[in-house]
Amino acid sequence: MPNPSRLRAAALTATAVTLSVLLAGCGGGTQEDDADLTGQKLDWKDCPAPSEAEGGGAAPSPLPDGDEWQCATMKAPLDWDDPEGDTIGLALIRAGASGEADRRIGSLVFNFGGPGGSGVTTLPAFGQDYAKLRTRYDLVSFDPRGVGRSDPVECLDDEQLDTYFQQDATPDDRAERTEFVDNTEKFNAACEKNSKKILPHVRTTDAARDMDLMRQVLGDEKLYYFGISYGTELGGVYAHLFPKHVGRAVFDAVVDPTQTAEQSSLGQAKGFQLALDNFAEDCVSKAEDCPIGDTADDVKARIARLLKDLDRKPIPGVFPRELTETAATGGIAQALYSKDFWEYLTEGLEQAYDGDGRVLMVLSDALNGRNEDGQYSNITAANVAVNCADDKPRYDTAYVERKLPEFRDASPLFGDYLAWSMLSCTDWPVAGAADHPDVGAPGAPPILVIGNTGDPATPYEGAGRMVDALGKGVGVELTYRGQGHGAYDSKNRCVQDAVHGYLLDGKVLAAGTVCS
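In terms of the working numbering, the sequence shown opens at residue 693 and continues consecutively.
I should point out that these hints are in silico values taken from the structure, not numbers from a laboratory. Nothing here was measured: the structure is a model prediction, and the numbers come from that model. Here a beta-carbon is modelled for each residue, glycine too, at the ideal position from N, C-alpha and C. Fair warning: there could be bad hints in the mix.
Label pairs and their computed distance ranges (CB to CB) [what the hints assert, rightly or not]:
1) A1123 - D774: 13 to 21 Å
2) G758 - G1193: 25 to 33 Å
3) P1008 - R1185: 37 to 45 Å
4) K889 - D990: 50 to 58 Å
5) G731 - G1204: 41 to 49 Å
6) R795 - K885: 48 to 56 Å
Pairs of lysine-lysine residues, derived as DSS-like cross-links and limited to a Cα-Cα distance of at most 25 Å, are as follows [to be verified]:
7) K1199 - K824
8) K1199 - K878
9) K936 - K767
Using the sequences provided together with the hints, build the complete structure.
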């Protein structure tokens, strides 16, 4: 199963839209030479409605000032080791700079994470949050290769995914373990059958090379970049490959580039447990009574009992599906990504205790990229494909079983869930590239690296390690003492002033600056 900490991109938008309703009642095959690709002209047009791989829905709404989003397709080599071979199409979206033409710096390219998140759907959903940056930049994002409209990885169909996500992802006995492994193998086999051509070419290094081609096609001498979550890893790899091409870059919600997949999962277990602790403390500290427990320990104990009960007997979720232990765990994890969703988590738990699993199921669906109409984006397929192409280690059942005590100690609630997710790449048809990414970028200009002390998915320590790994004089760390996944979108004035000063005016913070 996919690692929940890497599925941020489209999930927060889907959660907000779906819960508001519920609680109120390009193929490859052509050949081009490398020179032709760098000189290609993009045909910008009005954006169509999102594709099935992007999750469906309506075309992006205009910006608050009435300007329309524009979309285009950029050709890139399928195989960067054979740049004159077959090409693929990469979907791009942009909103032109809103300020005076003579003050425009260039394009600011966003990657919102995942891996597997669609930038073409996420940027317009959050575009108003970047209005200040738009005064001097075109806002640009893209669907990385294998994602959304960019030759998407395809594995299971919607009906099969419904069944897949109903499985028990925290097996308790031999029979459940066998079924879990069988389901993982079937998922991976379906990916190979349906997407064999693209699977070897979705590594983060491939996406980084795509971004450098994008920089040239957009007409920018340097890459100006805003990476969130997995987008920080992608940005770090880009800086390693092209240090002299970096203009200004912000890394927010930072992936630890020094960790293996196992170490990352263990760190996330600790991070989600910390977020759960903070959620429980927040609930019981409010003036009104906390409806899900009298003390923080009581809140967590009731959640643990709920999950145990759901393991034995699921409750009605979103018809005809049931809320299982796995779905509830995923829904809780999804809500912990942002403090804005804690109220939904409280209500979802309260309802689940009364036998109604709809809210937790909607949260779980958002994590997995499922819309109300039952249509899934390809975020799960792309997430697994990129992670397995990047990560060299492969783990088996016996290894996970030996590690379970350590994971349970890190998080009684999320430990099993994250430990068993390490089997995602078992029997994957493409070998992993490395134990961890190389982000050393000597010669690059200063990069602003923002760590959030309460981040469940990319724990705070990762920011400091990214700074060290980038190299002396490159990474500049900003600490945000807050909750949730990421800092800029928290609307914290101190954080946003720092980002604006850096991206708009080139002002580099003093290392060690703290925002509360």
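13 to 21 Å as the expected CB spacing between D774 and A1123, which holds or is violated: 18 Å, holds
Straight-line alpha-carbon gap K1199 to K878, limit 25 Å: Given pair K1199, K878 is violated - Cα atoms ~51 Å apart, limit 25 Å.
Is 37 to 45 Å respected by the C-beta to C-beta distance linking P1008 and R1185? The hint (37 to 45 Å, Cβ to Cβ) holds, given that P1008 and R1185 are roughly 43 Å apart.
Taking 50 to 58 Å as the hint, is the beta-carbon distance of K889 and D990 inside that range? 53 Å Cβ-Cβ, so the 50 to 58 Å window holds.
48 to 56 Å as the expected CB spacing between K885 and R795, which holds or is violated: 51 Å, holds
Given the proposed pairing of K936 with K767, does the C-alpha separation stay at or below 25 Å? Holds, at roughly 24 Å.
Has the hinted range 41 to 49 Å been met by the Cβ atoms of G731 and G1204? Given a distance of about 44 Å, which is inside 41 to 49 Å, the answer is holds.
Under the criterion that the straight-line Cα-Cα distance not exceed 25 Å, is the pair K1199, K824 satisfied? Answer holds: K1199 to K824 is near 16 Å, not above 25 Å.
Determine whether the Cβ-Cβ distance between G758 and G1193 falls within the hinted range of 25 to 33 Å. 28 Å, holds
In summary, the structure is inconsistent with hint 8 from the numbered list given earlier, while agreeing with all the others.
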